[in-house]
Amino acid sequence: MSGAQTPLEYELFDEFINILSDRNVWKNIYRPVHGYRIIYHHFVHIKDYINMQNKAKQIMDAIAKNEKIEQVLKGELIDYMIERGMKYNKYETLFENASQIIDCTPEEMYDRLAPYITNKLIGANFQTNIGNIFHILTSAKKHKKIGDSFIVKLQTLVDCGCDLTLINIYGETPMESALDFKCEKMCDIYSKLALHKNKFSNVIIGLKTLSIGTQNQDLKNTATCLLFGILIGILITK
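Position 205, counted from 1, in the sequence shown is what our numbering calls 205; the numbers after and before it change by one each time, with no gaps.
Any given hint could be a false lead.
Claimed, not checked - Cut-off 16 Å, straight-line C-alpha distance, at most; resulting in silico cross-link-like pairs (EDC-like, lysine to aspartate or glutamate):
id, residue 1, residue 2
1, Lys-185, Asp-159
2, Lys-141, Glu-107
3, Lys-145, Asp-111
4, Lys-120, Asp-148
Said to hold, decoys possible - Pairwise CB distance ranges (calculated):
id, residue 1, residue 2, range
5, Ile-102, Ser-149, 20 to 30 Å
6, Leu-179, Glu-83, 37 to 47 Å
7, Asp-159, Asp-188, 35 to 45 Å
8, Asp-103, Tyr-170, 33 to 43 Å
9, Asn-18, Arg-112, 15 to 25 Å
10, Val-152, Ile-102, 15 to 25 Å
11, Arg-37, Tyr-88, 17 to 27 Å
Simulated from the structure, these hints should not be mistaken for lab results. The beta carbon of each residue, even a glycine, is placed where N, CA and C say it ideally should be.
Work the whole structure out from these sequences, hints included.
Structure representation (C-alpha cells):
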C-alpha cells in the first residue's frame, strides 16, 4: 500500500489563503512571532509557486481583508514573507487593478496600462488572470471605437518585448482571446501587427542576402542593393 500523497503546491496555496482569511485563526494573535509560526510551514513549501504564478497580490488581499489581523501585524507578516523570498512589485498590483476597468475602449485601456511596461515598472509579459497586456486589451467593452492607427501604439509594446503569441492560463493567444470576447476588430489588428512583424523580419533577411559582395561598391550601388533587399523582404511575405 502506497503512502499518503504529498499535497500539490496549488492545494497548499489554497490552504494558505484559507488560513490567512480565517478570522478565528487570528482573533487572539497579537505578537509577530506567533503570526510567523502560523504561516511558516505553508509558506516555506509554496514560496516558489507564489513567485512563478504571481500570487503575491492574492496573499496581500487575504491579509488586508481579514479584520482580525491587527494592522501592525499585517505589515509584519508581509515583510516576513518578502524578506524570505516572496517577490512583490507594487506596480504589478496597480497594473492588475487598472486592468479590471473594462468599460472603455482598447485605446483608453492601452493609455492606462502601457506606461507600466514602456517605463519598465513591470515585466513586458506580466500576466493577470486574463493574460498579458495583449490579452487584457481584448476585454475592453467598447469595441466599435478602435481606429486602424492603434496598430502604431501596439507596435511600441512589441518593441518592449510583449509577446503577441503568449499563451494565457486558458491556453489562448491574444487573438484567440479577442474572439472569445467577441472583439473581432482587435483580432484583425493583431493579425495585421503579426504580419507587419513578419514583413520586417523578412526585409532584414532580404537586406542580408543582397548585401553579400557589396562591401567594395560605391554608395550608389549600395543604395540600389538596399532597395532590392526591401523588395525581396516584401515579396517573401506574399
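These are the hints, each one checked on the structure:
For the proposed pair Lys-185 and Asp-159, the alpha carbon gap of about 22 Å is over 16 Å, so the pair is violated. Distance check on the hinted pair: Lys-141 and Glu-107 sit about 11 Å apart at the alpha-carbon level, within 16 Å; holds. Between Lys-145 and Asp-111, the direct Cα distance comes to roughly 14 Å. Compliance with the 16 Å bound is thereby established for this hinted pair. At most 16 Å may separate the alpha-carbon atoms for a hinted pair to count; Lys-120 and Asp-148 exceed this at roughly 26 Å.
Range check, Ile-102 to Ser-149: Cβ separation about 22 Å, and the 20 to 30 Å hint holds. The beta-carbon spacing between Leu-179 and Glu-83, approximately 44 Å, falls within the hinted interval of 37 to 47 Å. Under the hint 35 to 45 Å, the C-beta atoms of Asp-159 and Asp-188, about 21 Å apart, miss the expected range. The supplied range of 33 to 43 Å is broken by Asp-103 and Tyr-170, whose beta-carbon atoms lie about 22 Å from each other.
In this structure the supplied range 15 to 25 Å is violated for Asn-18 paired with Arg-112, their Cβ-Cβ distance being about 33 Å. One distance hint, 15 to 25 Å for the beta-carbon pair Val-152 and Ile-102, holds here, with the actual separation near 23 Å. Between Arg-37 and Tyr-88 the CB atoms are about 22 Å apart, so this pair conforms to the stated range of 17 to 27 Å.
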